[in-house]
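Asker: One line per chain: the protein sequences are A and B, in this order. Sequential numbering from 1 applies to the first sequence in the working numbering. Sequential numbering from 115 applies to the second sequence in the working numbering.
The set of hints was computed from the structure by calculation and includes no laboratory data. Since we're looking at a predicted model, the values are computed, not measured. Glycine is no exception: its CB is placed at the ideal position from the N, C-alpha and C atoms. Accuracy of the hints is not assured; some may be wrong.
As the list claims (entries may be wrong) - Output of the computed footprint for chain B on chain A, the stretches with three or more beta carbons under 8 Å from beta carbons of chain B:
id : segment
1  : 35-45
2  : 48-56
3  : 102-111
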Amino acid sequence: KAGVTQTPRYLIKTRGQQVTLSCSPISGHRSVSWYQQTPGQGLQFLFEYFSETQRNKGNFPGRFSGRQFSNSRSEMNVSTLELGDSALYLCASSLVVGQHEKLFFGSGTQLSVL
Amino acid sequence: QQQVKQSPQSLIVQKGGIPIINCAYENTAFDYFPWYQQFPGKGPALLIAIRPDVSEKKEGRFTISFNKSAKQFSLHIMDSQPGDSATYFCAASMNDKLIFGTGTRLQVFP
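Isolated chain A, as found in the complex (with noise of 0.2 Å):
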């Protein structure tokens, strides 16, 4: 069974440009989560989507959003990019929502901004 697999692997963007990361999930999960993470930070929760709807939100600026397809695959799409987002975004999808126990990650993207 394939993993959670995340793309592009690594990214490279200037300061006021978007960015749009894509996600798909295990096969047969349908919530599929997005995290921050940063050094000195930990993960640090952006939303989840359960059957294309956000069904829950973290505390970031209306910069970032995201979005579900019926296959359940997901895109993160951050604009007017500033040099704070430049993190390791972690996609994690589960069966549904709040299924912790059976959380799995992928491998993440490396977003710098320069």
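Following the hints, position chain B against chain A.
Answerer: Chain B only, in chain A's frame:
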């Protein structure tokens, strides 16, 4: 506001030692406390977890100790090995949200 405080930030032990990583939480509504292990270039993976009605849980060389009254829980790694070198995150769950600690980078030297 950080709801889960993790310490230390980094830890160095020799092979065979017993590193201990501590976490403290504030909200008594948390009902699930997992630990994740992350190797460089990989995403975190669930290592072991505990619920607040249990004071200790062991899985192989990994043990969680849970103190409900103190609102603290810790991870102990028995007979640590160089292959245990990784970043460890504690977390706490409530209302379908998973709140992570800031992580502990563990290095185990031969």
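Asker: Give a verdict on every hint.
Answerer: Outcome of the hint check:
Against chain B, the segment 35-45 of chain A contributes 7 residues with a C-beta closer than 8 Å to a partner C-beta. That satisfies the three-residue criterion, and the hint holds. Under the rule that three or more residues need a Cβ within less than 8 Å of chain B, the assignment of the segment 48-56 of chain A holds, with 3 such residues. For a cut-off of 8 Å, the count of residues in the segment 102-111 of chain A with a CB near a CB of chain B stands at 6, and the three-residue condition holds.
In this structure, every one of the numbered hints holds.
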